[in-house]
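So the sequences go chain by chain: A and V. Residues in the first sequence are numbered from 57 upward in steps of one, following this note's numbering. Residues in the second sequence are numbered from -13 upward in steps of one, following this note's numbering.
Hints were generated in silico from the structure; no laboratory data involved. Glycine included, each C-beta is placed from N, C-alpha and C at the ideal position. Fair warning: there could be bad hints in the mix.
Example chain A residues on the side facing chain V (calculated, C-beta under 7 Å, incomplete) [said to hold, decoys possible]:
hint, residue
1, I113
2, L231
3, G298
4, W300
5, L308
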Amino acid sequence: MKTIRLSSLFSQLLLLIFVIAWIAPTFGLFISSLRDKDVLAISGWWTSFTTTEVNEIYRTEGKDAQVKEGDYYFIKSNLFGEEKGKEIFRFGVTSKNIDEYQVGESALFKDGTEITVLENGDYIWKSQKEFKKKKGKRVFISAKSPPSFTLDNYKEVLFKEGLGQAFLNTFAVALPSTLIPLIICSFFAYALTWMKFYGRDILLATIIASLVVPLQMSLIPILTIYNDFGALFGVAAKSYPGIWMAHTGFGLASTTFLLWNFLKSLPQEMMEAAKVDGATHYDTFIKIVVPLSIPAFASIFILQFLWVWNDLLVGLVFLDKHPSEIILTAKLKELLGSRGENWEILTTGAFVSMTVPLFIFFSLQRYFIRGLVAGSIKG
Amino acid sequence: MSIFSLALTVLIGVLVFVAFFHFSNFLLDYFRLKTPKKIAWENSIRVVIFIGPAFIVLFVFIIYPVFETIRLSFYDKLGDNFVGLYNYAWAIKDPDFKRSIINNLGWLIVVPTLSTFFGLIIANLADRIWWGSIAKSIIFMPMAISFVGAGVIWKFMYDYRGPGDQQIGLLNAIAVALGFEPQAWLTIPIWNNFFLMAIMIWIQTGLALVIFSAALRTIPKETLDAARIDGASELKIFWKIIIPYLEQTILVIWTIITLLVLKVFDIIYAMTNGQWQTEVLANLMYDWMFRGGGDTGRGSVLAFCILIGVIPILAWNLYRHKQDQKV
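Produce the complete structure using the sequences and hints provided.
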């Protein structure tokens, strides 16, 4: 009995290690997208849950804020201004010795003025003479910063970096690129399953061969066709209809194959009964096959939609990098090149691009898995 | 473009196809009812309507390009003049090509093996543990993420700061915590390939996992119980019963991941663009499609090399299809 429990404990531990290793990268990205960009650049995301120590520089206010009380001139204010929540524990007034004083102590500037900084950032700056300078002086602080998260990065990325538009563009690419193959392939698969015609077996074998033909084989000839077509009719070679048809072409074999597999399993008697009743193939298709195929459609829709949404290569080749056409993955790749060190932009951008797939994943996981498993049985 | 014009474009695009099928079938029915005699052609016309659009797309986007690409691989840069085997001779001498072939082979060996291996182990573990389905969900999740998104995630994991600075990449933070020097992982030749492969393994393990999970459920419980009663250890059951039972599934997963790995592009393009000796065929091909105005001859040779890689799988699939049809 004891050995079984020990081995079960070991299994749980092993699985836990796998789970942590698999979730940590995505989780880190998500947390980072919610952090302040300055903090993100200098500390690991795993430190964001605990109170951290930060060293920062602030500037006091200038002569405009001074008041005279008795013999002395005072400037009283708060170093942090609007953003509060940090707790100062040491401060300094020279860059050589940034944590010379305890909070509450008085520090002397070179010009003889005296400053006292409190825990919450309040300070009192005292001088015998009138303050003359418009700009204040620098104060160095060491503070404890509690965990804090913000949505600023999302605002920046969606509206300033143009990811919002790319998000819409990706939808405009992905929806027709999923629906068009579904429409034409369901007719195709129906014909392959239930209609008799010359060359049906060869066509089926072609589909099965096309399943594995790498899409790289198509890129150069199709791009040439598009360029010629564009030049001939004086329209842009790269356009939405162009990429829809490209995605339709590349998804055609797998969509047809999955549907064919499904349609084959429908009872033959049903089709024959419909035929005896005088129904045409079109009637049978619309009234019998389509309603029965809804679950299969759902699985295939999800697979193809995710494929198109996550695609980079087809989008790069058949669409412009113009803001009105660029898709999310291409935009993200562009940001990787141009903003390689701005992790707040990259992490947030990546997370934005993942929202739709993750939503589909968590809400429709059953159909997604069903499609994958069905596709793998043969494919 | 505004959201409305985009939505309108999308709607029109989809409606065109719905309308085609509806009206063509409608017209056919109309004429069939009007003429008293049954037209002999009716069935043939219906077949053409049903398979026409799909066949045209299949021909234009798959069948024709395959032959055109093979033809272009014997032509020059612009596809105008026949140059024989010149492009192939160039490829054999090109150091980038050699590097790509070696790297692709490395990917082909490492990624399917480890993904299948991890998938199998996790499927077995998760099946026996009450929180197994949550674990499966988490490990499966990367399947939904794009390769570029995964690229950003892992570039962040591999981020490098100088030895004195605080590391913000998890891998370097761990390395430093264990007392090692931080490394710029993606720039260390040879090893960086494995760091890139890790991303693909991270994604594809989920695929292997769900398929294995489905397959594990088909193993008859009686067989497993009988083995347990006979006193077989769990490890022995795994090797002697589960593995042989899943042989077919393992093969299927292997081929799916192999097909994917042969075409691997996004990860390399986003992370290193082939620098530091990480070049692969698909990225090199993309490069030649546009480098110096594009070289269709060399690009086609590279595409053809990828096709050669899938031919064994293609033949095997066709063979199995033929066997199925006989039954």
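A quick look at each hint next to the structure:
Given the 7 Å rule on beta carbons, the hint for I113(A) is violated: about 18 Å separates it from the nearest Cβ of chain V. Proximity of L231(A) to chain V holds as hinted, the smallest CB-CB distance being about 5 Å (cut-off 7 Å). At its closest, the beta carbon of G298(A) sits 11 Å from a beta carbon of chain V; the interface hint therefore is violated under the 7 Å criterion. Nearest Cβ of chain V to the Cβ of W300(A): about 6 Å, under the 7 Å cut. The hint holds.
Hint status for L308(A) relative to chain V: holds, with the closest Cβ pair at about 6 Å, below 7 Å.
Comparing the model with each numbered hint stated earlier shows that hints 1 and 3 do not hold.
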